[in-house]
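Each chain, letter by letter, is given below.
Number of protein chains: 2
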Amino acid sequence: MYHDFKLIEGRPVSIQVKDYMKRLMIKGALQPHQKLPSTRELGVLLGVSRNTVIAAYAELADEGRVYALQGKGNYVSEDSAGSAAPSSLSWQLPWKERLSRQALLAEELDLMKRGIRAGKDTISFTSIAPDEKLFDLDHVKQAFLGRMSVEGHVLLNYGYAKGYKPLIQYLMTYMENKGVDVQGKDMLITAGFTEGFDLVLAALQQKHGAVICENPTHHTAIKNLKLHGFDIKGVTMEPDGIHLGELERALEERPYDCAYFVPSYHNPTGIVMSMEKRLALMQLMSRYEIPVIEDGFNEELRYSGAHVPPLIASAGSGNSVIYIGSFSKVLFPGLRVGWVLADRELIDYLESMKRARNIHTSTLDQSLLYQYLHNGNLHKYLKRARAEYKRKYELTLQTCKAFVPYKTLSGDGGLHLFVTFREACSVRELLEACTRQGVIFTLGHHFFTDGRGSNTLRLGFSRVADEDIVRGIRIIGDTAKQLWGLE
Amino acid sequence: MYHDFKLIEGRPVSIQVKDYMKRLMIKGALQPHQKLPSTRELGVLLGVSRNTVIAAYAELADEGRVYALQGKGNYVSEDSAGSAAPSSLSWQLPWKERLSRQALLAEELDLMKRGIRAGKDTISFTSIAPDEKLFDLDHVKQAFLGRMSVEGHVLLNYGYAKGYKPLIQYLMTYMENKGVDVQGKDMLITAGFTEGFDLVLAALQQKHGAVICENPTHHTAIKNLKLHGFDIKGVTMEPDGIHLGELERALEERPYDCAYFVPSYHNPTGIVMSMEKRLALMQLMSRYEIPVIEDGFNEELRYSGAHVPPLIASAGSGNSVIYIGSFSKVLFPGLRVGWVLADRELIDYLESMKRARNIHTSTLDQSLLYQYLHNGNLHKYLKRARAEYKRKYELTLQTCKAFVPYKTLSGDGGLHLFVTFREACSVRELLEACTRQGVIFTLGHHFFTDGRGSNTLRLGFSRVADEDIVRGIRIIGDTAKQLWGLE
Numbered sequence: 001m002y003h004d005f006k007l008i009e010g011r012p013v014s015i016q017v018k019d020y021m022k023r024l025m026i027k028g029a030l031q032p033h034q035k036l037p038s039t040r041e042l043g044v045l046l047g048v049s050r051n052t053v054i055a056a057y058a059e060l061a062d063e064g065r066v067y068a069l070q071g072k073g074n075y076v077s078e079d080s081a082g083s084a085a086p087s088s089l090s091w092q093l094p095w096k097e098r099l100s101r102q103a104l105l106a107e108e109l110d111l112m113k114r115g116i117r118a119g120k121d122t123i124s125f126t127s128i129a130p131d132e133k134l135f136d137l138d139h140v141k142q143a144f145l146g147r148m149s150v151e152g153h154v155l156l157n158y159g160y161a162k163g164y165k166p167l168i169q170y171l172m173t174y175m176e177n178k179g180v181d182v183q184g185k186d187m188l189i190t191a192g193f194t195e196g197f198d199l200v201l202a203a204l205q206q207k208h209g210a211v212i213c214e215n216p217t218h219h220t221a222i223k224n225l226k227l228h229g230f231d232i233k234g235v236t237m238e239p240d241g242i243h244l245g246e247l248e249r250a251l252e253e254r255p256y257d258c259a260y261f262v263p264s265y266h267n268p269t270g271i272v273m274s275m276e277k278r279l280a281l282m283q284l285m286s287r288y289e290i291p292v293i294e295d296g297f298n299e300e301l302r303y304s305g306a307h308v309p310p311l312i313a314s315a316g317s318g319n320s321v322i323y324i325g326s327f328s329k330v331l332f333p334g335l336r337v338g339w340v341l342a343d344r345e346l347i348d349y350l351e352s353m354k355r356a357r358n359i360h361t362s363t364l365d366q367s368l369l370y371q372y373l374h375n376g377n378l379h380k381y382l383k384r385a386r387a388e389y390k391r392k393y394e395l396t397l398q399t400c401k402a403f404v405p406y407k408t409l410s411g412d413g414g415l416h417l418f419v420t421f422r423e424a425c426s427v428r429e430l431l432e433a434c435t436r437q438g439v440i441f442t443l444g445h446h447f448f449t450d451g452r453g454s455n456t457l458r459l460g461f462s463r464v465a466d467e468d469i470v471r472g473i474r475i476i477g478d479t480a481k482q483l484w485g486l487e
Numbered sequence: 001m002y003h004d005f006k007l008i009e010g011r012p013v014s015i016q017v018k019d020y021m022k023r024l025m026i027k028g029a030l031q032p033h034q035k036l037p038s039t040r041e042l043g044v045l046l047g048v049s050r051n052t053v054i055a056a057y058a059e060l061a062d063e064g065r066v067y068a069l070q071g072k073g074n075y076v077s078e079d080s081a082g083s084a085a086p087s088s089l090s091w092q093l094p095w096k097e098r099l100s101r102q103a104l105l106a107e108e109l110d111l112m113k114r115g116i117r118a119g120k121d122t123i124s125f126t127s128i129a130p131d132e133k134l135f136d137l138d139h140v141k142q143a144f145l146g147r148m149s150v151e152g153h154v155l156l157n158y159g160y161a162k163g164y165k166p167l168i169q170y171l172m173t174y175m176e177n178k179g180v181d182v183q184g185k186d187m188l189i190t191a192g193f194t195e196g197f198d199l200v201l202a203a204l205q206q207k208h209g210a211v212i213c214e215n216p217t218h219h220t221a222i223k224n225l226k227l228h229g230f231d232i233k234g235v236t237m238e239p240d241g242i243h244l245g246e247l248e249r250a251l252e253e254r255p256y257d258c259a260y261f262v263p264s265y266h267n268p269t270g271i272v273m274s275m276e277k278r279l280a281l282m283q284l285m286s287r288y289e290i291p292v293i294e295d296g297f298n299e300e301l302r303y304s305g306a307h308v309p310p311l312i313a314s315a316g317s318g319n320s321v322i323y324i325g326s327f328s329k330v331l332f333p334g335l336r337v338g339w340v341l342a343d344r345e346l347i348d349y350l351e352s353m354k355r356a357r358n359i360h361t362s363t364l365d366q367s368l369l370y371q372y373l374h375n376g377n378l379h380k381y382l383k384r385a386r387a388e389y390k391r392k393y394e395l396t397l398q399t400c401k402a403f404v405p406y407k408t409l410s411g412d413g414g415l416h417l418f419v420t421f422r423e424a425c426s427v428r429e430l431l432e433a434c435t436r437q438g439v440i441f442t443l444g445h446h447f448f449t450d451g452r453g454s455n456t457l458r459l460g461f462s463r464v465a466d467e468d469i470v471r472g473i474r475i476i477g478d479t480a481k482q483l484w485g486l487e
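Going down the list, the sequences are from chains A and B. Under full-length UniProt numbering, the letters of the first sequence match residues 1 to 487, in that order. Under full-length UniProt numbering, the letters of the second sequence match residues 1 to 487, in that order.
It should be emphasised that the hints constitute simulated quantities derived from the structure, not laboratory data. None of these values were measured; they are calculated from a predicted model. Treat each hint with caution, since some may be false.
[Unchecked claim] With the C-beta cut set under 10 Å, the calculated list includes, among others, these residues of chain B facing chain A:
| hint | residue |
| --- | --- |
| 1 | Trp91 |
| 2 | Asp181 |
| 3 | Glu276 |
| 4 | Lys277 |
| 5 | Leu279 |
| 6 | Pro291 |
| 7 | Tyr349 |
| 8 | Gln371 |
| 9 | Pro405 |
| 10 | Thr408 |
| 11 | Glu432 |
| 12 | Ala433 |
Don't be surprised by glycine CBs; every beta carbon is placed ideally from N, CA and C.
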């Protein structure tokens, strides 16, 4: 006994001794009423000071796990033992048979559990998360300490389901500056885009059980739409956004409960919908009275070109657009903060749903983000990030043009490009061949609502080093040419 | 124009000027191709330096909202105007008619929207949140800075749906030290207890559509059970926990999908279930093969008495107990961190559901909490908090005994007491009379599964000053005596 005690760094030693002794009691290695080694003895056995053991024993006594007998030493308490459960209580439940459709489907559709694992040294184009090397940690620390010194006690206690008020105010102005008429609208802070989307889908009555969206579209959105039981109608993408004719025909054919669009840096195609198309799209939505969920994905990552207001701005004083925003891709995904901007009455219901689900979003995340934004750091950061991502974007674009035998290539900015090969080409085969050469990417078909896209792939470049972008894309291109005899 | 510019503190002035000008463009006060004041002029008009205006104009040009004409000055861009929506796009949707049953019910059951607002100087016994004056902010800051310096870049990028690994490891050991056999079990980190509970309920197949629990019980749990459509069977509480005879009769009568119990510092009665009762309870659950959701509520707030292991410890190697823990009430509710400890296969499904709902819990919250715990701060904090809460607990208890004409009074510790008057007494009337005298508390009937409890109330004392505890409870007692002619 006492030979397997190992000190870990940075944790008070007396607590480690206490935990260690507790473990021995629970495992039954120390029995109730057994005498413990003297403090001097245990200090020697564990290689710690006597005072440390004295502190540990005092803590154990305080927790009722040890009692002292005057002049005799310390003993293990009656209640301290592990409660060896009678075997009658240890029954096994076949959990899988007790699970809901939602639980089973969530696991089945969980791409993170199905993806290829990237080995070390693999060049991976699968991520569109920001490059953490760009993070300005000093400003983050500053924001945290600044906010904590203003109202640390308040931040650590319960907050509001609707969100941290200064952040809401900041973001309302932020959205107003994008041209949104905020009269009659309100905002709910969520744990990122995904929570906002999930809440909105749960709040919608399924009168028709169907949603219309772009095809391809954000695979997480497809997953959540399926989990909520919606039929999904995807409408083909053109180089400047959704195919309006096809959209109109679909709208004539059957009713929909809502539409979901990603007008800027559309995931996965990277397309920014033109202003004309945005207005025409909104005309159709208005005519068919379909509420729109707008995914404000990466709107901030404009490398060039004019300011394009979001769909919710085009709706003016109308209340039919639900805008869901997030700084996750642009700033820090580890901070789970997003927002839903929508009709005030709707937000009121969403607030109650949010409260029922998790009380509120982390106040620390919200207040840190608020202070970071308030300090004017976003602008500085975006300048630097945009310059870096733009360089990578252009490198990726040029390298694809030089080496990849694609049919079409899309991406007006953002953190990824979308590649389409000839119909017959199986990108799954290409991925297998590339994986063997240490290069991976995301299969495009995950983004399609109708099983198509087996000839497409998404290339995320945000976290790939320049030389790896060139090397990786050459390998993809060369392999594609070999595989399909293309030139 | 330019007269309503107001500087706010702490935000870079050039950004404030930029935002202000942007707003004028969006409101149409500045029209496309209109000439802007010179930098010197605008500096004078807004009371800022010329260099600040130069920086603001440069930012606006960078965003494509302003263009410069050599030697002539700066002009508003074409695209900069607010997109005044054609009125045809501004249609109004009657949201309430489009909402799901879940959304409507969540709002209806949202007590936060139905509660009485406490005016200034009101003595409020409604909260059982921790007293923020006890928070050790210096240790929190230290934990944050410590973790950021170790792996700040990693913390701010995406984490894992299952949770932050060091925290999971810490908590697994923590639970092992409570006597839990962790073999075959796993852990999911959630945004507090509530999210864990909501996820588990969504994961359960509703074969019978019914849940059995204590009556009264945690009102948030009742709300979530209702939102998930469960029938709720509540079993009467005795002074040492649930009434076993009544429980057994209920189990004989019909099948249940699961049970929900709060064995320690039961909310709202404050009762700690005896060890004998825990074992007998688990025998029954085992016999009827009912999975148990255990709410580890405030287990840490033991003021005296022996260590009582949680139900999941009694189940030994069995996999039928789902333990949901949180430090919210004990430590910092603003950090939304809880955990679900359960069968490994079940956790695997819950992980996919969590990912679909919000990707993962805030890494900042998790890593800060981990570092705080690792540094050994919990023990120090709990010592101080327990001493403080114990004093308040005893004061509340004594004052109730002295002044309140209750029939029974319960609470073995924790942050609240539960008061039951004679059957006929309407606590709602009492609350109305007390509110007029500046004292409020929580109506007990919110905690009942069957509409009973109109003669009960909960007194949360954690955030009430000593003198207010005495003054407030005297008022409650005196008012009750007057109202009901009791002595």
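### Query
Which earlier hints turn out false for this structure, listed by number in ascending order?
Going through the list in order, the structure violates hints 3, 4, 9, 10, 11 and 12 and respects the others.
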